[in-house]
Amino acid sequence: MKKIGFFLGCNIPFNRPDVEYSARYMLNELGVEIVELEGAACCPAFGTMPSVDLVGWAAASAWNLSIAEEKGVDIITGCGSCYGSLNEARYHMEKHPEIKEQVNKILGKVGKEYKGTVKVWNFINFLYEEIGLDNLKSKIKYNLNGLKCAVQTGCHNLWPSRAYPTNEDNTFYPTRLREICEAMGGVAPHYSTITDCCGMGALRSAASEKSLALFKKKLDVIKEELNPDVTVTGCSSCLLQFDAGQALLVEQKKLDYKIPALHIVQVAAIAMGADVEKATAQASIPLNGVITKIKGGN
Amino acid sequence: MEEGGVNVIDLTQGDESFVKELEGLGADELRECIQCGKCGATCPMALAGLEFFIKRIVHAANLGLRDVLLEDSSVWGCQSCNRCVEICPMDIKPYEVIQALRRAAIKVESCPANTYEGLRNLYKFGHAVFPKGFEERRKKAGLPEKPPTALSYDELRKKYQEVLKQTILEEIAPFPLD
Ligand code: SF4
Ligand code: SF4
Numbered sequence: 001m002k003k004i005g006f007f008l009g010c011n012i013p014f015n016r017p018d019v020e021y022s023a024r025y026m027l028n029e030l031g032v033e034i035v036e037l038e039g040a041a042c043c044p045a046f047g048t049m050p051s052v053d054l055v056g057w058a059a060a061s062a063w064n065l066s067i068a069e070e071k072g073v074d075i076i077t078g079c080g081s082c083y084g085s086l087n088e089a090r091y092h093m094e095k096h097p098e099i100k101e102q103v104n105k106i107l108g109k110v111g112k113e114y115k116g117t118v119k120v121w122n123f124i125n126f127l128y129e130e131i132g133l134d135n136l137k138s139k140i141k142y143n144l145n146g147l148k149c150a151v152q153t154g155c156h157n158l159w160p161s162r163a164y165p166t167n168e169d170n171t172f173y174p175t176r177l178r179e180i181c182e183a184m185g186g187v188a189p190h191y192s193t194i195t196d197c198c199g200m201g202a203l204r205s206a207a208s209e210k211s212l213a214l215f216k217k218k219l220d221v222i223k224e225e226l227n228p229d230v231t232v233t234g235c236s237s238c239l240l241q242f243d244a245g246q247a248l249l250v251e252q253k254k255l256d257y258k259i260p261a262l263h264i265v266q267v268a269a270i271a272m273g274a275d276v277e278k279a280t281a282q283a284s285i286p287l288n289g290v291i292t293k294i295k296g297g298n
Numbered sequence: 001m002e003e004g005g006v007n008v009i010d011l012t013q014g015d016e017s018f019v020k021e022l023e024g025l026g027a028d029e030l031r032e033c034i035q036c037g038k039c040g041a042t043c044p045m046a047l048a049g050l051e052f053f054i055k056r057i058v059h060a061a062n063l064g065l066r067d068v069l070l071e072d073s074s075v076w077g078c079q080s081c082n083r084c085v086e087i088c089p090m091d092i093k094p095y096e097v098i099q100a101l102r103r104a105a106i107k108v109e110s111c112p113a114n115t116y117e118g119l120r121n122l123y124k125f126g127h128a129v130f131p132k133g134f135e136e137r138r139k140k141a142g143l144p145e146k147p148p149t150a151l152s153y154d155e156l157r158k159k160y161q162e163v164l165k166q167t168i169l170e171e172i173a174p175f176p177l178d
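Quick note, the sequences are listed as chains A and R, same order. Going by full-length UniProt numbering, the residue at position 285 of the first sequence is 285; the numbering climbs one at a time, nothing skipped. Going by full-length UniProt numbering, the residue at position 102 of the second sequence is 102; the numbering climbs one at a time, nothing skipped.
The shape of chain R in the complex, shown without the other chains (with noise of 0.2 Å):
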């Protein structure tokens, strides 16, 4: 889409087997959407102002529009906040759609940065949140400087890990599972 121009969807780029995809990632009742924009309406990134917000996000998935999905940043801002779960009056689970989009991204690689960040840290770490610094804030605190999780017990730790390599994980992850 370009910058000031009309803002026009060929609908011959739409890709049927796309639709398919995010409905066995998730995105079940996806079909379903009547378009009534309730979810868009109570959206954080539209509120925000984020061009693609969930009720165009709904539309442009179920066209089956995949390279304007994949390429577009909006889905990784999503809040989660399920606000448009709670309001779809079709029982689409707008959230979920997004869960799907992200899913079919990560197979493809076209996830921010992050995202990866994100996914090592949980893996190393078990967490997925990791700031450093940590130990002084701790103490400052009054708190030993390790919390009494998975960081603290390396063989639970370890234990964890084996469950992640079982997940997708193993086959995504950019960085070594070991």
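For reference, chain A alone in the conformation it holds in the complex (with noise of 0.2 Å):
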């Protein structure tokens, strides 16, 4: 049996435990063990360790790098800026020796060390290549029904793509995501601005008018290009912003339509079977279209 290190983060455990509860049943339904990352930290996010210092961010990294390690499992995450933080200090210390020779000589103090032999996946790549489409096709009870989707494969999902084990042919055209969406059985066309950033992160907190207008003019693109019955992401940030986000504009009546929005493990979780009221416990945009569509396919 397949066994994975899942990694939690921040964002998901205590934002959007719906999509830990998700990626924990999907992954059982395809016969992954999950092995728990014990006492794992923050990625460290790119605001902290990494705005502070490179070895105090690789340290804050190989942390829990090293408890995977430990554990003889590689690394899955759900959120973007967890794929890319792990990644790019897994990258620096393998660039610069004397980084990780740094890191070692702190994390030796807590009787821990960094080898460098674990791998950082995210879901999009892992169920790309690990399971396979077909495969993962195998599995679901219900198909999407001709869902259709638009896809937000995520930033952090794509670059820097020097630092990532593994990626899309163009990053700037990416398919992964729509590939999985349309083998589960949902339509999932590319559109114009499939690659802009949707908003969240750093921009939300430092100008959070602009970022919702940048995002905006996303959804707009998404609506007029594809009119679709779900947006679909592979970040746990860009869900926030493309639900709780797109919720806020809404309210401060500055959108006039609502498009459901899901991580790709809330989908592939409820395509197989998962309890909705969990999968789903804390959507801000109502989904009922949507689960009633999956429910309705075999």
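Hints are computed from structural coordinates only; laboratory data are not their basis. We put the beta carbon where it would ideally sit given N, CA and C, even for glycine. It is possible that some hints are incorrect.
Stretch by stretch, here's where chain R covers chain A in the computed footprint (C-beta under 8 Å, at least three residues) [to be verified]:
#, region
1, 40-50
2, 57-70
3, 198-206
With the hints as a guide, bring the two chains together.
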């Protein structure tokens, strides 16, 4: 049985635990054993240690990576920042042995060591490469029944490609998440702003109105070009923006339509028969139509 | 820069030592920038309308405009998305210029309050993002109240804090590391 260390990060366990539930359900259905990375901390996110010091960042990340190494597993995460930060820190340590050395001096004081043997996955690449689309298709109970999906891969799942163990053929024309939705019976066309940023993250904290305006531009294009049933993200931060951020725009009367939003692990879990209440417990935009459509498929 | 005024940069404000400082903080290819503008064309900060977006930031950094860069909050609006890194023809790694600038800013306490809040949460709980009410949310999703992270293991969290204490956080944190 395949095993994987599930790296939770912060946004998933504290803001969107429905994504955590869904990921656990989905991996279980796919026959992947989840190994808990006990004691894992924040990736750390870009506004904290990476913005303070390179070695400090690498040390905080290596703390997490070394937990997976001790358990002899690779890591998977549903958050783009976690994917980016862990992989980039790993890349810096690989490129600069002196950083790795300093990190190990720090970790050594608490009886730990970072070797550099662990690989960090996101769910898109894991489903695409490790599970395989045909295998995924064989594990679903309800096919997506033509559900029209507008996909949002997420910045950190694409760039910087030099730091990532696996990636799209063309990071400025991503297709993997589209293919995953289609393998489950959805329709997921390309649209012109597919690689545009959703505006969540530092921009949302530093310039909230500008971030939401940027997001609205993207939503308007999605609405006009695809008019989808749902947006499907590969990143929990994008999900927060597409769901709660969108609800905020509606509340502020800056948006006169609503497009439901789900993380890819939620879509897969629901298609595999997960408890919908739990799998979508924190959704702000009602999902009734989406669920009915999925449950109508077989 | 005055609103509506002419956008003039006073080059005598340039400080060569600041350029060197940034190079030492990770922006080691800074001087190779040819101001082609590719990074700016793909940067969400520019699309969102932030006055200082990556091309201008790299330019100002090259000119050593310390005060302009440390006072302007734009560098804290960077999404860390690395589009600029992917696209830069000179391999400047523009995002790493942003990180270098933030590292310089933090040393002189020129950063937004939420940066410290994130660092404090990271140290205290092991999680930079630590919103209230998560226990209820987790229960609703059918999960135990606490995730099996550093939050649930006091001994491991203490060890993690020991790791952080050995970093530069010990010097720059405006809160007690105990
Ligand atoms: S893409 Fe690179 S070379 Fe061109 S302006 Fe940006 S940093 Fe300079
Ligand atoms: S990493 Fe920052 S500077 Fe570079 S493109 Fe993204 S938002 Fe702009």
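Tested hints:
Counting residues of the region 40-50 of chain A whose beta carbon lies closer than 8 Å to any beta carbon of chain R gives 10, which meets the minimum of three for the stated coverage. Three residues within the 8 Å Cβ limit are the bar, and the region 57-70 of chain A against chain R gives 3, so the coverage statement holds. For a cut-off of 8 Å, the count of residues in the region 198-206 of chain A with a CB near a CB of chain R stands at 6, and the three-residue condition holds.
Consistency note: the structure conflicts with none of the earlier hints.
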